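Asks: Sequence:
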Amino acid sequence: MKNRRACFAERRPIYDMGPLPDLRELMRRALSVNGEKPVLRETRDGEIVRYSCKNIIDDVNALGTALIDYGFADAHIALVGENSYLWLISYMAVVCGVGVIVPLDKELTDGDLNMLALKGDARALIYAGPYRGAAGLLERARVRGFAVEPLCGADDADTLPGMIRRGRELLGRGDRRYLDRPIDRDKAAAILFTSGTTGANKGVMLSHKNICANIDNILKVTPCEPKSISMLPFHHTIELNCHVLPGILCGMDIYICASLRGLMDTMKLAKPGMSVVVPLFLETIYKTIWAEAKRQNRAGDLRAALKISNTLLMIGIDIRHVLFRQLKENLGGKLDLVICGGAAVDPEAVRGLYGLGIDVITAYGLTECSPVVSMNLKAHRHPEAVGKPFDTLQVTISRPDGKGVGEIYVKGDTVMLGYYQDEAATAATFDGPWLKTGDYGKLTGRKLLTVTGRKKNLIVLNNGKNVHPEEIEATIIRQLPYVKEALVYSYHYIVKETLMQTIAAALNIEVEEYFGKMDMENVEKLVAEDIRRINRLLPGYKQMHQLFITREDFLHTTTKKIVRHKVIDEQNKSFGAGIII
1 MKNRRACFAE
11 RRPIYDMGPL
21 PDLRELMRRA
31 LSVNGEKPVL
41 RETRDGEIVR
51 YSCKNIIDDV
61 NALGTALIDY
71 GFADAHIALV
81 GENSYLWLIS
91 YMAVVCGVGV
101 IVPLDKELTD
111 GDLNMLALKG
121 DARALIYAGP
131 YRGAAGLLER
141 ARVRGFAVEP
151 LCGADDADTL
161 PGMIRRGREL
171 LGRGDRRYLD
181 RPIDRDKAAA
191 ILFTSGTTGA
201 NKGVMLSHKN
211 ICANIDNILK
221 VTPCEPKSIS
231 MLPFHHTIEL
241 NCHVLPGILC
251 GMDIYICASL
261 RGLMDTMKLA
271 KPGMSVVVPL
281 FLETIYKTIW
291 AEAKRQNRAG
301 DLRAALKISN
311 TLLMIGIDIR
321 HVLFRQLKEN
331 LGGKLDLVIC
341 GGAAVDPEAV
351 RGLYGLGIDV
361 ITAYGLTECS
371 PVVSMNLKAH
381 RHPEAVGKPF
391 DTLQVTISRP
401 DGKGVGEIYV
411 KGDTVMLGYY
421 QDEAATAATF
431 DGPWLKTGDY
441 GKLTGRKLLT
451 VTGRKKNLIV
461 LNNGKNVHPE
471 EIEATIIRQL
481 PYVKEALVYS
491 YHYIVKETLM
501 QTIAAALNIE
511 VEEYFGKMDM
521 ENVEKLVAED
531 IRRINRLLPG
541 YKQMHQLFIT
551 REDFLHTTTK
561 KIVRHKVIDE
571 QNKSFGAGII
581 I
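Everything in the sequence shown is counted per the numbering used here, starting at 1 for the first residue and increasing by one.
Derived from the structure by calculation, the hints contain no laboratory data.
Some clues are possibly wrong.
Cβ-Cβ distance ranges computed for the label pairs, FRET-style [to be verified]:
#1 R181 <-> V49: 40 to 50 Å
#2 Q296 <-> K268: 36 to 46 Å
#3 F515 <-> V49: 57 to 67 Å
#4 R165 <-> E47: 17 to 27 Å
#5 D401 <-> M17: 39 to 49 Å
A quick note: this is a predicted structure, and the numbers were derived from the prediction, not measured.
Cβ atoms here follow ideal geometry from the backbone N, Cα and C, with glycine treated the same way.
Please put together the full structure from these sequences, using the hints given.
Replies: Given below as structure tokens:
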């Protein structure tokens, strides 16, 4: 990894330009600093294609001009697809002069995509080929579809390449309607739906000021690498706002990974020095390293090398790049830094990877904060903490208990405008100017922030996805009349000394009325099949894989609310491993 002082010295021209006002200015500054230097790479038709800042600006202006010509000024435009150069061009074209972008999760079903696009008042959908079904549904609601690539039977004018060509023609004739459109940095530029089921997710409104304040914060504290790989979906704010956009501005060479299939081969091709990941990926890397060492009967050698390395690190001698060069070849040979956010990360993996020569920076944040609140630049020393909050933000602990733990409140320029068309939810999320994060945590004497748990029942998976259990519970109750009560939760179990996580459902069912005298074993088989059927309606990360069935009423409070944690404990104790779905 580059020396931090040298890294920040390289960014001096960027710092000297002052705070970033909007994303259009980001591209202008990127061109000024980086010129024709390639900042993005991707594989297209088996060949690596490189893009400079000038390529990006030219294509953004052309696409934006075409969208204005098609009558989409001030429109909300939804976007769904795999990571690609054209995805990024679409995002930037909309926010830099057209209207409001509504990025959608590519893992959602066509029905969910349709619902969220309409909830975001989208007048158009830019989509990759696999999402043609969603585009078809939206066409019935008069939402125009634009394909990222030419599709069989599609008008070329309704594809991004066709629109970019048209935009260039218009620009060549002196059309400046897009170029001269003012940007209001205080108004919504993007609506990002929180990752829950469709009824529960809310549209977070972020402005240019919000997004750019986050980018400024990232560039002030994070070190840099010449090359990186973008693996998280672009619709994740941590990937776009903390990696891709800051990376373009500071001239990083970013390889766009469209799919995680064949990832090891992609890493060898891209040879990244850094990446942004979720805990699941980080922990998988660490476990894979040890599994391979054991397979080769080299685990003892690896432990010995780690002991030598860690001892030398204590006296300021770093030979990790020598000791573990061969080990890192499977990751491209250059990976020195990963930024990890989205959920809690295993401290053992953080410390272990540091010992092997991969520094880990952990980040805490939420979409409502654009997204980062704090970063732990020395996570190997304090893996339980999420670092110091950015200097530009104010963080306080509301109503701390005797141990200093309370709800984390945040105030500053990165805090969202509010939830789209949901005044009640917005009001409930703010306490005056303070954003209530819904997370419990504490601040140490050194101002290190530690997150101790979720305030509500949100399930946070190891891959960074959020699951709202109440929505799945409502679906079960709605579709299975014999279910009196349903409780969905995160279920942990141990396999070969490894802590695993999945989503479980505990059901209180009415047997006699619906199943008569059928024996319980057959009842459970029928219920399990019904849950599998419901699973098929859900995205993969929301599906239930453990099932607990009882005929006893759940424990309730005096106000008839289920006492969730006690019920979960009782279900796990009473029914062991339950039924595997």
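Asks: For every hint, state whether the structure bears it out.
Replies: Going down the list of hints, with the structure as the test:
no.: 1; hint: R181 <-> V49: 40 to 50 Å; in the structure: violated, 29 Å
no.: 2; hint: Q296 <-> K268: 36 to 46 Å; in the structure: violated, 19 Å
no.: 3; hint: F515 <-> V49: 57 to 67 Å; in the structure: holds, 60 Å
no.: 4; hint: R165 <-> E47: 17 to 27 Å; in the structure: holds, 21 Å
no.: 5; hint: D401 <-> M17: 39 to 49 Å; in the structure: holds, 45 Å
Hints 1, 2, counting from the list given before, are not met by this structure.
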